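From first to last, the protein sequence lines are chains A and B. Per the working numbering: the first sequence = residues 185 to 599. Per the working numbering: the second sequence = residues 185 to 599.
Derived by calculation from the structure, the hints in this document are not laboratory data. Misleading hints may appear alongside valid ones.
No copy is singled out in the list; a pair is fine if it fits within one copy or between any two copies.
To be verified - Lysine to aspartate or glutamate pairs mimicking EDC-like chemistry, simulated, CA-CA at most 20 Å apart:
hint, residue 1, residue 2
1, 379, 414
2, 212, 279
3, 212, 372
What you are looking at is a predicted structure, and each value in this text was computed from that prediction instead of being measured.
Next come the chains, spelled out residue by residue.
There are 2 protein chains.
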Amino acid sequence: MQARSARPHVVVIGGGFGGLEAVRALAKAPVDITLIDQHNYHLFQPLLYQVATAALSPAEVAWPLRHVLSRQKNVRVLMTRATGLDPVKRVVKTDAGPYSYDFAVVATGANHSYFGHPGWEATAPGLKTLADATDIRRRVLTAFERAETAKEKDRPALLTFVIVGGGPTGVEMAGAVVELARDALSRDFRHIDPKAARILLVEAGPRLLPALSAEMGAYSKRTLEKRGVEVLTDTLVTGCDAKGVTTRTGRIRAETVIWAAGIEASSLAAAVPGEHDRAGRVRVAGDMSVPGFANLFVVGDAAAALDHKGDPLPGIAPAAKQAGHYVGLTIAGRVSGKPSLSPFAYRHFGDLATIGRDAAVVRLGPLRLTGFIGWLFWSGAHVYFLIGVRNRVAVALDWAWSWLTRQRSVRLIIR
Amino acid sequence: MQARSARPHVVVIGGGFGGLEAVRALAKAPVDITLIDQHNYHLFQPLLYQVATAALSPAEVAWPLRHVLSRQKNVRVLMTRATGLDPVKRVVKTDAGPYSYDFAVVATGANHSYFGHPGWEATAPGLKTLADATDIRRRVLTAFERAETAKEKDRPALLTFVIVGGGPTGVEMAGAVVELARDALSRDFRHIDPKAARILLVEAGPRLLPALSAEMGAYSKRTLEKRGVEVLTDTLVTGCDAKGVTTRTGRIRAETVIWAAGIEASSLAAAVPGEHDRAGRVRVAGDMSVPGFANLFVVGDAAAALDHKGDPLPGIAPAAKQAGHYVGLTIAGRVSGKPSLSPFAYRHFGDLATIGRDAAVVRLGPLRLTGFIGWLFWSGAHVYFLIGVRNRVAVALDWAWSWLTRQRSVRLIIR
Chain A
185 MQARSARPHV
195 VVIGGGFGGL
205 EAVRALAKAP
215 VDITLIDQHN
225 YHLFQPLLYQ
235 VATAALSPAE
245 VAWPLRHVLS
255 RQKNVRVLMT
265 RATGLDPVKR
275 VVKTDAGPYS
285 YDFAVVATGA
295 NHSYFGHPGW
305 EATAPGLKTL
315 ADATDIRRRV
325 LTAFERAETA
335 KEKDRPALLT
345 FVIVGGGPTG
355 VEMAGAVVEL
365 ARDALSRDFR
375 HIDPKAARIL
385 LVEAGPRLLP
395 ALSAEMGAYS
405 KRTLEKRGVE
415 VLTDTLVTGC
425 DAKGVTTRTG
435 RIRAETVIWA
445 AGIEASSLAA
455 AVPGEHDRAG
465 RVRVAGDMSV
475 PGFANLFVVG
485 DAAAALDHKG
495 DPLPGIAPAA
505 KQAGHYVGLT
515 IAGRVSGKPS
525 LSPFAYRHFG
535 DLATIGRDAA
545 VVRLGPLRLT
555 GFIGWLFWSG
565 AHVYFLIGVR
575 NRVAVALDWA
585 WSWLTRQRSV
595 RLIIR
Chain B
185 MQARSARPHV
195 VVIGGGFGGL
205 EAVRALAKAP
215 VDITLIDQHN
225 YHLFQPLLYQ
235 VATAALSPAE
245 VAWPLRHVLS
255 RQKNVRVLMT
265 RATGLDPVKR
275 VVKTDAGPYS
285 YDFAVVATGA
295 NHSYFGHPGW
305 EATAPGLKTL
315 ADATDIRRRV
325 LTAFERAETA
335 KEKDRPALLT
345 FVIVGGGPTG
355 VEMAGAVVEL
365 ARDALSRDFR
375 HIDPKAARIL
385 LVEAGPRLLP
395 ALSAEMGAYS
405 KRTLEKRGVE
415 VLTDTLVTGC
425 DAKGVTTRTG
435 RIRAETVIWA
445 AGIEASSLAA
455 AVPGEHDRAG
465 RVRVAGDMSV
475 PGFANLFVVG
485 DAAAALDHKG
495 DPLPGIAPAA
505 KQAGHYVGLT
515 IAGRVSGKPS
525 LSPFAYRHFG
535 DLATIGRDAA
545 VVRLGPLRLT
555 GFIGWLFWSG
565 AHVYFLIGVR
575 NRVAVALDWA
585 WSWLTRQRSV
595 RLIIR
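Chain A with its partners taken away, still in its complex shape (with noise of 0.2 Å):
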């Protein structure tokens, strides 16, 4: 289905930090848009590990597209999979049919890498979607469970969780596994002492957080062997199944593997022309456009873009947004005929990190905070980012909660 007017349409595909930025920046240019996303919701992505460890539900990181835009009358929402594109009859195709476009913008973004063997990922499943976080919290909640009326020797397996990957991800997911297990579940086992379980993060390369201050990697390492959590650095996984993980230096028996490792564009960036990296990502010109087609755009981790100074663009949500604002003013210059815009400038605000209760660490320019003052800047960012008064006051008062009692509001195991 096509709807016609007179006005350039443009097709985004994909509504997360990037895309919905575009479609924003575009609300008052005289353009359609058509939003197309395999999910009705916008997802805030950085809280997701929350939900998968109990904290949060998933209604409060996540806000319907079609509600969020209610109000820009210029953008119509479709809930569907992208599955082609055609960059010279300037079509993309979808499971609800193909839309023809004026101007597309790719905001697609990128799932974990398996390093060449999907396989794992069924006994390892990756944190992107609800669906995603909601599995990871049943196979958590589970493995307790199971543990609770299983026999002695198979409880140490079922009480040991390996998380593969020192990113932010990572780190956030130990840091919050060990704190539901010492603190959330801690009295509620009659058979198993759920202090007892181990918690693995394992890291290829030789520090955490890679991508940040070696100062921030050391904090979060400290801050996570204190509390329990098994880091294990330079330590490369070579296979993963139902009982565990093998690793360059051994075997772990687990039950519970949660991969958090490596980052590949979604499928939809090899629909489009041009240079890939090896993650699969697009490699854009300076607008973010594809080279040789100035009306294609990729936005957020489905690009390898460099900003005006030649630096990669991290992938995170901030540099997701401010790419997807651009490009939105962009489209909107040209419909109107003005002058293109200089290259992309990115602005890096700084770099946050959380380990879990009172620890987290922040970079802001000349601002450095650790421990409980980092948590807190860390909490209120994030509360201040949300969509909405009501997830801001509801996600506030879960906190507040969990930080009073220690305990986690969310554990449901629900099939």
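Fit chain B to the known structure of chain A by using the hints.
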């Protein structure tokens, strides 16, 4: 696995209202209790329809049984499925092995009844568990999404919602679905008008809310019709498939059918010896025990019980809770050699039913409330009966927010 001790072993099957009260009434008794449930949560079933209609998150109406009981040291909770019962050998069979008991309490509840057509369940799901609720939520929201991209001719069936059964669940569901369509979704689509959705409530009997007063049934019908629900009484459903329902009076094309009719005791009730009524409920004695098996009790919707005046107990939460409490006390008395209690005397406090925003009907002794005042009373009573401060605050805030904005906070489609 079987813990052994000198103290009598009480096995309670089902952590709903009846089972949980039985466990709590035994808190100070010199017994060891095993509470078996196939889920890890206690569910506040009266608000489950609000999860199915995107008003509340699953975690707001459910609490981990372990956490609810973490301070009661004489109980252990097992998440497993009870598959059978040997009342002579006094053994409960479960997926985690057999558990022998000195006293057993069957509190496994009931499901909806498809009147001998189990095949209808696939296309017309009922509402008993959290998974049912998120499944119905997904179906309802997806129907609007599909209608938005569908061809004109396919839209009417996608925008038709049939709710079968005019009891409290059916009335609440119909009221909530019509609010979702008229208020929360009204501005969010571009090709369809959600306000044009047809919502039908189909009841085989002559009136709504047959278990409550005629006046309450009439109020519900009047209010639902004023809000745009088509109420069809005296309309027996004779067929049900993926494209709609067939009734005695004709065919209704609808892609979404929700089942809220009939009642059928859960399968474990069939393993209990003695007489059963037509719905499979166990006929119990005046002390809720199974005739001939003084140490085996059935409470809640799995029992066909009469109170001390000979009236059947209603299938509502207060009746289950009172019976569970009574059975707990009975077992505690027997263990300590006290004389038996007098037969169970049910105390009926009153009737509540809601149709939606600003509309509920309350009969509480001499008190008669309807409309906004009735709805406020209904809301307050339900918040009061939730477990835990955190959930009370969260639900009250969500309701206040929904009342002010006419929005629904949990419009997520998760597969």
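Each hint tested on the structure:
In this assembly of identical chains, residue 379 and residue 414 lie within 20 Å of each other by CA distance solely inside one copy; the values are 14 Å within and 56 Å between copies. For a Cα distance limit of 20 Å, the shortest separation of residue 212 from residue 279 qualifies neither inside one copy, at 29 Å, nor across copies, at 61 Å. When the C-alpha separation of residue 212 and residue 372 is checked against a cutoff of 20 Å, the pair qualifies only between copies, where the shortest distance is 18 Å, while the shortest distance within a copy is 55 Å.
Consistency with the previously given hints fails for number 2 only.
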